[in-house]
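J.: Position one of the sequence shown corresponds to residue 1 (our numbering), numbered consecutively onward.
The hints are simulated quantities; they were obtained by calculation from the structure and are not laboratory data.
Computed from a predicted structure; not experimentally measured.
Careful: at least some of the hints might be erroneous.
To be verified - Listed next, the in silico DSS-like pairs over lysine-lysine satisfying Cα-Cα at most 25 Å (straight line):
no. : residue 1 : residue 2
1   : Lys349    : Lys312
2   : Lys228    : Lys202
3   : Lys354    : Lys341
4   : Lys228    : Lys312
5   : Lys349    : Lys33
6   : Lys341    : Lys391
7   : Lys228    : Lys201
8   : Lys63     : Lys289
9   : Lys319    : Lys354
10  : Lys306    : Lys319
11  : Lys92     : Lys228
12  : Lys319    : Lys341
13  : Lys150    : Lys202
14  : Lys228    : Lys289
15  : Lys391    : Lys312
16  : Lys391    : Lys33
17  : Lys289    : Lys312
18  : Lys341    : Lys312
19  : Lys147    : Lys349
20  : Lys289    : Lys354
21  : Lys108    : Lys58
22  : Lys92     : Lys341
23  : Lys63     : Lys108
24  : Lys319    : Lys391
25  : Lys228    : Lys306
26  : Lys58     : Lys289
27  : Lys319    : Lys289
28  : Lys33     : Lys354
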Amino acid sequence: MAQGDHLYDCYAPPAQEFVRGEGAYLFTEDGDKYLDFIAGIAVSGLGHGNETLINAVKDQADKLWHLSNMFRIQGQYELADRYCDALGWAGKVFFTNSGAEAVECAMKTARRYHYDQGDTERYEIITFTGAFHGRTFGTINAGGNPKYLKGFGPAIPGFTHLDFSELENLENHLSDKTAAVLFEPVQGEGGLRPVPIDLLKKVRQQCSDNGTLLIYDEVQCGAGRTGKLFAHQWADGGADPDIMASAKGIGGGFPLGACIAREEIASVMVPGTHGSTYGGNPMAMAAGKAVFDIMTEDGFLENVVKTSNFLKQQFESLKDEFPDVVDEIRGKGLLIGMRLKKPALAVRKNALSKGLLAGSAGDNVLRMAPPLIINEDHVREAVGILRACFKDAQSLDDFKG
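Produce the entire structure from the sequences given, and follow the hints as far as they go.
T.: Take a look at the structure:
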C-alpha cells in the first residue's frame, strides 16, 4: 500500500511536506521556502522555531510530562491566574486539549448552571449560521452546518440556529428556555465576519436582561489575533461574556484549550461533572505560560495592530487594482481576507504554487491568519504573490456562489 493508505481520508493535503520552520516561513526537505500566512489555522501565533517557547517545553520535558488531573499541576494555577488577571471578569478556568473540547465545556457549564438554579427546562442554546465550533457531536450540532451534520444521525435537540443577521434582533428569540447564546466575535470559517462592537454590547445587555448566559467562541479570533488578547476586549468591558472558549493560538502550536467562566457560573462544575485526562498537562502549561508572557510583553499587541492596519491597507489597494477579482475585504486584525469574485480555492492553490500559504473560508473568502510576529516586509512579499495570483485569476470563471 502507498504511504498514507492507512490514514482516514478526512484530509486532502497538497504534495508539499514541510520539515522545518523559521519565523514566518516553512521549508520542505528540498529546501523550498514558503511564506506561511495561515499559521496552522491561526495557531502558530509566535511563528515557527520561537526559542523561548521551545526552551519552555524542553525544560518541562526534562522534569515531568504527564500526571492527569488526579493530582495537582502547578502550571494550571499559574496560567489560570494569568488569564483571569488579564481578563478582569474571569473567575475559573478548565484546561482542555482543543477548541472543540473548550466549547463542549462551555455548553455543559451553561446548562449545568441553570439546572443548579432550579431552571431545569432552561437548556436551549442559540447559535448562528456561519459558525464553526468544532467537530465533535456536540459542536457540529451547535454549529448547525448541514454539511458537517450529514450522515451522523438525527440532530441533537436543544440548539436553535438563527441567521447571522438575527444577532441584530436577538431579543425576539430569547425566552425562559434560553440557557445561552453562543457565537464568535469574529467568525472564522463562516467568512471572516466580525460582529460590530456596538452589537456586542447590545447582545450583552439583552442576555443579562433575560437571564441568559453569553458564551464567546474565541478559539480562532482570540490569543492576540485581532490586536487585543481577546477580540471582545475591543468593547472595553462593555461586552464581556459569562463563559469563553479559547484554544489555537494560546498554545503557540502545542495542543491547548481553555474554558474560562465567571466564578459563580463555574462553581456548579463540581467533581464528577466534567474531566479530561490530558487537559492542562504540564507540557501544555509550560507552552501556554510562555505564549501568554510573550503576547503580553510591552509592544507586542501594538505591533499586531500596526502590522494588521498595513496589511488591510495593502489589501484595499489590491481591491482597487483588481475590481473584477476582489469583492470585499473581510476580518479584523490578523484574521483577515478577501471575498473574491473568482473561485477562492483556485486562487489559494495558485498562491501555494508561488510560495504563499493561505486558507479559504465560507462565502468564497480567501483567508489569512499569519503568525502575529510578521512585519511589513512579510506583508509586501505576500501582496506581491497575491498580485500575481489575481492577474492569473482574471481568466478564471466567475464565482457562482
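J.: Hint by hint, note whether the structure agrees.
T.: Hints, one by one, checked against the model:
1. Proposed proximity of lysine 349 and lysine 312 is supported: the alpha carbons are some 22 Å apart, at most 25 Å.
2. Our distance criterion of 25 Å between C-alpha atoms is met by lysine 228 and lysine 202, whose separation comes to about 20 Å.
3. Between lysine 354 and lysine 341 the CA atoms are separated by roughly 21 Å; this keeps the pair inside 25 Å, and the hint holds.
4. Of the pairs offered as hints, the one joining lysine 228 and lysine 312 holds, with about 17 Å between alpha carbons and a cut-off of 25 Å not exceeded.
5. As the CA atoms of lysine 349 and lysine 33 are separated by approximately 16 Å, the hinted pair is consistent with the 25 Å bound.
6. Distance restraint check for lysine 341 and lysine 391: the Cα-Cα separation of roughly 13 Å lies within the 25 Å cut-off, and the hinted pair is therefore satisfied.
7. A distance of roughly 17 Å separates the Cα atoms of lysine 228 and lysine 201; the hinted pair therefore holds under the 25 Å criterion.
8. Using a Cα cut-off of 25 Å, the hinted pair lysine 63 and lysine 289 holds, with the two alpha carbons roughly 16 Å apart.
9. Annotation: proposed proximity of lysine 319 to lysine 354 holds, straight-line Cα distance about 20 Å (limit 25 Å).
10. For a cut-off of 25 Å, the pair hint linking lysine 306 to lysine 319 stands: about 20 Å separates their Cα positions.
11. For a cut-off of 25 Å, the pair hint linking lysine 92 to lysine 228 stands: about 21 Å separates their Cα positions.
12. Taken as a hint, the lysine 319 and lysine 341 pair is honoured in the structure, with Cα atoms around 11 Å apart against an allowance of 25 Å.
13. Only pairs whose Cα atoms come within 25 Å are accepted, and lysine 150 paired with lysine 202 is rejected, the gap being roughly 34 Å.
14. For a cut-off of 25 Å, the pair hint linking lysine 228 to lysine 289 stands: about 17 Å separates their Cα positions.
15. Simply put, lysine 391 and lysine 312 have alpha-carbon atoms about 19 Å apart, close enough for the 25 Å limit, and the pair holds.
16. For a cut-off of 25 Å, the pair hint linking lysine 391 to lysine 33 stands: about 22 Å separates their Cα positions.
17. As the CA atoms of lysine 289 and lysine 312 are separated by approximately 30 Å, the hinted pair breaks the 25 Å bound.
18. In summary, the hint linking lysine 341 to lysine 312 is supported, as the alpha carbons are separated by about 18 Å, within the 25 Å threshold.
19. Annotation: proposed proximity of lysine 147 to lysine 349 holds, straight-line Cα distance about 22 Å (limit 25 Å).
20. Restraint check for lysine 289 and lysine 354: not satisfied, since their Cα atoms lie roughly 36 Å apart, outside the 25 Å limit.
21. Distance restraint check for lysine 108 and lysine 58: the Cα-Cα separation of roughly 34 Å exceeds the 25 Å cut-off, and the hinted pair is therefore not satisfied.
22. Of the supplied pair hints, the one linking lysine 92 and lysine 341 is violated, its CA atoms being roughly 45 Å apart against a limit of 25 Å.
23. The suggested pairing of lysine 63 with lysine 108 is violated, with an alpha-carbon distance near 34 Å, which exceeds 25 Å.
24. For the hint linking lysine 319 to lysine 391, the alpha-carbon distance of about 12 Å falls within 25 Å, and the restraint holds.
25. With a C-alpha separation of about 12 Å, the suggested pairing of lysine 228 with lysine 306 holds against the 25 Å cut-off.
26. This hinted pair checks out: lysine 58 and lysine 289 have alpha carbons roughly 13 Å apart, not beyond 25 Å.
27. About 39 Å separates the Cα atoms of lysine 319 and lysine 289, which puts this hinted pair outside 25 Å; it is violated.
28. At roughly 10 Å between alpha-carbon atoms, lysine 33 and lysine 354 fall within 25 Å of each other, so this suggested pair holds.
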